[in-house]
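Undergrad: Given these sequences and hints, build the entire structure.
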Amino acid sequence: MTRFTRKSIEGAGIGLRTCHYREILGSRPPVAWFEAVADNYLGDGGMPLLHLEQVREHYPMTLHGVGMSLGSTDPLDQAYLRRLGRLIGRIEPAWVSEHLAWISVGGSYLHELLPLPYTQEALEHVAGRISEAQDALGLPLLIENPSSYLVFRGEQMSEPEFLRELVRRTGCGILLDVNNAYVSAMNHGWDPSAYINDLPATAIREIHLAGYEAHENYLFDTHGHRVHPPVWDLYAHAIEVLGPVPTLIEWDTDIPPLETLRDEAGKAQQHLERRRRRAA
Amino acid sequence: MRLGEIQRLFHDAVRSADDDSGAIHEASLAIVGSASLPAREHLLIYRRAVLGTLTRALTEIYPVCRRLTGAEFFDAMSRDYARRTASRSPDLGAYGECFADFIAGFEAARVLPYLADVARLEWCWHRAFHAADRAPFDPAGLAAVEDERQSRIRLALHPSASLLASGYPVHRIWEVNQPEHEVVSSVSLDEGGVRLVVWRQQYDMRIDLLDEREWWLLDAVRSGATLGALSDSPDLPTLLPRCITRGWIAAWKSIDD
Ligand SMILES: [Fe+2]
Numbered sequence: 395m396t397r398f399t400r401k402s403i404e405g406a407g408i409g410l411r412t413c414h415y416r417e418i419l420g421s422r423p424p425v426a427w428f429e430a431v432a433d434n435y436l437g438d439g440g441m442p443l444l445h446l447e448q449v450r451e452h453y454p455m456t457l458h459g460v461g462m463s464l465g466s467t468d469p470l471d472q473a474y475l476r477r478l479g480r481l482i483g484r485i486e487p488a489w490v491s492e493h494l495a496w497i498s499v500g501g502s503y504l505h506e507l508l509p510l511p512y513t514q515e516a517l518e519h520v521a522g523r524i525s526e527a528q529d530a531l532g533l534p535l536l537i538e539n540p541s542s543y544l545v546f547r548g549e550q551m552s553e554p555e556f557l558r559e560l561v562r563r564t565g566c567g568i569l570l571d572v573n574n575a576y577v578s579a580m581n582h583g584w585d586p587s588a589y590i591n592d593l594p595a596t597a598i599r600e601i602h603l604a605g606y607e608a609h610e611n612y613l614f615d616t617h618g619h620r621v622h623p624p625v626w627d628l629y630a631h632a633i634e635v636l637g638p639v640p641t642l643i644e645w646d647t648d649i650p651p652l653e654t655l656r657d658e659a660g661k662a663q664q665h666l667e668r669r670r671r672r673a674a
Numbered sequence: 139m140r141l142g143e144i145q146r147l148f149h150d151a152v153r154s155a156d157d158d159s160g161a162i163h164e165a166s167l168a169i170v171g172s173a174s175l176p177a178r179e180h181l182l183i184y185r186r187a188v189l190g191t192l193t194r195a196l197t198e199i200y201p202v203c204r205r206l207t208g209a210e211f212f213d214a215m216s217r218d219y220a221r222r223t224a225s226r227s228p229d230l231g232a233y234g235e236c237f238a239d240f241i242a243g244f245e246a247a248r249v250l251p252y253l254a255d256v257a258r259l260e261w262c263w264h265r266a267f268h269a270a271d272r273a274p275f276d277p278a279g280l281a282a283v284e285d286e287r288q289s290r291i292r293l294a295l296h297p298s299a300s301l302l303a304s305g306y307p308v309h310r311i312w313e314v315n316q317p318e319h320e321v322v323s324s325v326s327l328d329e330g331g332v333r334l335v336v337w338r339q340q341y342d343m344r345i346d347l348l349d350e351r352e353w354w355l356l357d358a359v360r361s362g363a364t365l366g367a368l369s370d371s372p373d374l375p376t377l378l379p380r381c382i383t384r385g386w387i388a389a390w391k392s393i394d395d
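Chains as they are written, first to last, in our numbering: chain R, 395 to 674; chain P, 139 to 395.
These aren't lab readings, by the way, just hints derived from the structure by calculation.
What you are looking at is a predicted structure, and each value in this text was computed from that prediction instead of being measured.
Worth double-checking, as some hints may not be accurate.
Claimed, not checked - Pair ranges (Cβ atoms, derived): (1) P/Thr223 with R/Gly479: 25 to 33 Å; (2) R/Leu470 with P/Ala224: 14 to 22 Å; (3) P/Thr197 with R/Pro424: 32 to 40 Å; (4) R/Leu444 with P/Glu143: 39 to 47 Å; (5) P/Arg222 with R/Glu526: 29 to 37 Å.
Even for Gly, the Cβ is constructed at its ideal location relative to N, Cα and C.
TA: Structure representation (structure tokens):
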């Protein structure tokens, strides 16, 4: 039995933020879909869950997690998975995504998406963890490429290769964050277009777009700006290769009025429609 | 190097007290540096990000404290807390539970003797905000329990409720420092101490003042007293229904169940 619309996720959506609830519920602006950060709704009750359910009544929704610590060598937190499972039951998202990263070790949580060394050992470990989480939740996850600021010595494969192997071994999908790909590529001297060409194309179900911050010697991913021009260009390349994949505007810090997010989503929508017309 | 070893090394570097520690130097050896950015600098990007995330979490939970101390003082104090205190849960909202105790021992905050209690109040508020909506309570069912089993009933507070006693009028300090509070007003510390229950009635956040007897009962309930242990108190027949009607006491069960 399902309580909510099964309308599918298509076109350009927006990341759901607390400061926009009132406007969304009051005027129900035309937004293709919303993505909620699951970790903000893992409490037992209260206003956040009430608002989330109210938004869900009118819009298709996906859930995006940051707390699973898939890459960690600690055991998976079963209580966390149970809470996430309970939220999935309540919200009936179209899908759930997490990051190719770790956030904790030795029971100490750093709450930042920390990089993995792309080695055979890490691949086996993370593949096992994704399978375990997917079994516990009863659904396939989308795994997102993180922004990264360092590369470990002795890495044995590229990030796209690592992701390709995860898809092959676990059946997970991929969430391609074009901004993260651009930030990592610039920080490590990778070719961003080649990065996208190397990804397992058919596994990519969702794209993220966001803004970074340029520092003197590196790009830092704040998700606190409009999408930068070179990221739009890379996005155009991505949907050329991948097709009109559902795309989300993410904005996590210094959150602007909903209007600004809708404006960014509108640009992504135009890209997607042009791409669709070319395909037709 | 094994994955677990790399993660511990990285963790210790990112959590180290200063940005020139032995842990950072050790971890840099596992990282590819570049001409424009030495290996150590790559780690420091993460170190700053982690400290920033933890301190931002405190800023969100403790806005009144921040307003009372000023942003600069608060940010320095929360960075100090974040450096010393690890997060032990995937839920960032669980971080900062011991911030009030930290403030109580924070030398430079002594000029605001009520600050730690204001932090306690803000933590109770934060906790209530995300707590379960209701507990199952059946007053009729409680009355129906046979007399001889009544003494073996254990009551429970509403799942969102926390009790807070302070020697300062913290509820008033809190109130006049809310963003929507328009008139500039001051609170006299001579108003004296308070006993509070901070909770959420459905979706309505509440800070209720308790009299001495209400506090006594709620505190006993919180500590797990049975009805039998409370029954010596002559005012229980009026006190208990009042606390139930207000919504503070919201569940019960027989300790035999
Ligand atoms: Fe993203």
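Undergrad: Tell me the hint numbers this structure goes against, listed in increasing order.
TA: none
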